[in-house]
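**Student:** Read in our numbering, the sequence shown has 208 at position 208, and its numbers run on one by one without any break.
The hints are simulated quantities; they were obtained by calculation from the structure and are not laboratory data.
Nothing here was measured: the structure is a model prediction, and the numbers come from that model.
Do not take every clue at face value.
Stated by the list, open to error - EDC-like, lysine to aspartate or glutamate: derived pairs with alpha carbons at most 20 Å apart: (1) K58 / D337; (2) K253 / D183; (3) K254 / D183; (4) K462 / D391; (5) K105 / D291; (6) K199 / D287; (7) K130 / E109; (8) K435 / D407; (9) K257 / D232; (10) K28 / E244; (11) K62 / E342; (12) K28 / D407; (13) K68 / E506; (14) K435 / D413; (15) K422 / E441; (16) K199 / E286; (17) K130 / E118; (18) K47 / D232; (19) K58 / E506; (20) K125 / E109; (21) K215 / E244; (22) K125 / E216; (23) K379 / D391.
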Amino acid sequence: MKRIFSAAFMLLIAFSSKAQTSQNNANKPKLVVGIVVDQMRYDYLNKFWDKYEEGGFKRIIKNGFNFKNNHYNYAPTYTGPGHTSVWTGTSPMNHGIIGNDWFDKFTGEMVYCAQDDEVASVGTKTNAGKMSPHRMQTTTLTDQNRLHTQFRGKTIGISIKDRGAILPAGHTANAAYWYSGGDDGKFISSTYYMEELPKWVQKFNKSGKADSYLKEWNTLYDIETYTESGADENAFEGGFRGKEKATFPYDLKKLSKENGNYSIIPQTPYGDDITLDFALAAIKAEDLGQDEDTDILALSFSSTDKVGHNFGVNSKEVEDTYLRLDKNISDLLAYLDENIGEGNYTIFLTADHAGGHVGGYLNSVKIPTGNLDYGKLKKDFTDFATEQFGDGLIKNVSNDQIFLDYDYMANEDLNPADVETKIEHFLIQQPGVYKVYTRTELQSNNFSNGIGYLVQNGFNQKRSGDIMIVEHPGSGYGRGSTHGSVFNYDTHTPLLFFGAGVPHGETFERSEIVDIAPTMAALLGIEYPNGTSGKPLAIMLDKASAE
Numbered sequence: 001m002k003r004i005f006s007a008a009f010m011l012l013i014a015f016s017s018k019a020q021t022s023q024n025n026a027n028k029p030k031l032v033v034g035i036v037v038d039q040m041r042y043d044y045l046n047k048f049w050d051k052y053e054e055g056g057f058k059r060i061i062k063n064g065f066n067f068k069n070n071h072y073n074y075a076p077t078y079t080g081p082g083h084t085s086v087w088t089g090t091s092p093m094n095h096g097i098i099g100n101d102w103f104d105k106f107t108g109e110m111v112y113c114a115q116d117d118e119v120a121s122v123g124t125k126t127n128a129g130k131m132s133p134h135r136m137q138t139t140t141l142t143d144q145n146r147l148h149t150q151f152r153g154k155t156i157g158i159s160i161k162d163r164g165a166i167l168p169a170g171h172t173a174n175a176a177y178w179y180s181g182g183d184d185g186k187f188i189s190s191t192y193y194m195e196e197l198p199k200w201v202q203k204f205n206k207s208g209k210a211d212s213y214l215k216e217w218n219t220l221y222d223i224e225t226y227t228e229s230g231a232d233e234n235a236f237e238g239g240f241r242g243k244e245k246a247t248f249p250y251d252l253k254k255l256s257k258e259n260g261n262y263s264i265i266p267q268t269p270y271g272d273d274i275t276l277d278f279a280l281a282a283i284k285a286e287d288l289g290q291d292e293d294t295d296i297l298a299l300s301f302s303s304t305d306k307v308g309h310n311f312g313v314n315s316k317e318v319e320d321t322y323l324r325l326d327k328n329i330s331d332l333l334a335y336l337d338e339n340i341g342e343g344n345y346t347i348f349l350t351a352d353h354a355g356g357h358v359g360g361y362l363n364s365v366k367i368p369t370g371n372l373d374y375g376k377l378k379k380d381f382t383d384f385a386t387e388q389f390g391d392g393l394i395k396n397v398s399n400d401q402i403f404l405d406y407d408y409m410a411n412e413d414l415n416p417a418d419v420e421t422k423i424e425h426f427l428i429q430q431p432g433v434y435k436v437y438t439r440t441e442l443q444s445n446n447f448s449n450g451i452g453y454l455v456q457n458g459f460n461q462k463r464s465g466d467i468m469i470v471e472h473p474g475s476g477y478g479r480g481s482t483h484g485s486v487f488n489y490d491t492h493t494p495l496l497f498f499g500a501g502v503p504h505g506e507t508f509e510r511s512e513i514v515d516i517a518p519t520m521a522a523l524l525g526i527e528y529p530n531g532t533s534g535k536p537l538a539i540m541l542d543k544a545s546a547e
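All chains should be modelled from the sequences, with the hints used to inform the complete structure.
**Tutor:** Take a look at the structure:
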């Protein structure tokens, strides 16, 4: 009797386990699309809300989960570190991508975050393809999904920018593709991934898509209705060579000759259009989301950043770019509904950083900026260091960091902590400098909040400099917007989840960019990236479980 009961009990457990596994597999998306919008401020969701169509941002927010108080937890807030932090679940402290480029203290050279001289370009005769993720020191969500599925789940990374495609796609990606402008006007890759472009990519590049976007850029709607942005003609925009005023419309075919030929396309919202065109072609050609093993598309829209840098966050051009991006998002969701199936895919959408108002504009409306004259600061600091410590102490000054020569200090019997203190005292007195942190301070303290917390999370013990400079709030250029700071206008970005496994909801509870990867890993039931310092966003996951 006991044996019969035991056998029945074991059979029940096996059946329950199989049913639970089946249920878990049923809830797991066939495709994850991680969208990173370059230089998107959170307030763009609210600012342009009335002009967004129902199928784009509005659909995601009305049916998905909106984290309204999402921030970067480190500085510098740049593209390379931003994309890496989204997908690794940790900050530059651990993943090692401390900037778009940085001074390598071991080789004495500036290096680029995706640069790899050991690989060759694929699809172009230029060096634009000599790229890989080899400088990234930790795994990504995409890597963990590949490992979990025994490499059956595919990963494709796509962006106008190489770093926007390569770093999110991770070390194990099937492919990463980025845009080569100039005389190319096509998507390329590197031998890190393949020896030649797949037939579908070659076909896309020959299709004339790039040529089709060398056309007029005018506003999507009547420019008089663009009341959420400043005047079309103002003193705070860059514009294009060959056009006297930075005002609509722009004849891209005509302007392309003086603006890098096909390189002008990413400087307009048409760069996001061609990115979406290529992404949809990839989904179809690579059969993404067509089997039981979850695939991941790492998709970055980068023209938003280029338009912001050129025209500023308060421009008509930025407003038009986001209204057009909204249509891109709507088209993407409609395509996924039809080809993957509603309920079979999950999307998250965020940004790699936000962006501040043009410094010149802030000055014009009496908001203090304390703009840092970086050239003057470098000269004055170099003169001070030479006078105080002799010629040879400073190895490099770049990216608001100062690198000291430890061999020189040893030979001159200089105490590094004393040197740091004297430099810190000098720098904090300089115009445009808001705060200064030294290596000793960052390695001997544990900052739990405030600016010190952000600087420390961006400090990599092996790669970062010895003195970290924080510029004054509002610092920027006279024309066009920039980013990189520790302040809210650069750290506050959207974080939206939508689709399979995502309940409807919203919260003002603080979330951090490093929380995205562990949240998605929890939703997929896979291991977190190996350097993860963020946490799963329980407020959303618990609600999903309850439903």
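**Student:** Going through the earlier hints one by one, which of them does the structure break, listed in rising order?
**Tutor:** Hints 4, 5, 8, 9, 10, 12, 14, 20 and 22 are the ones this structure does not satisfy, whereas the remaining hints hold.
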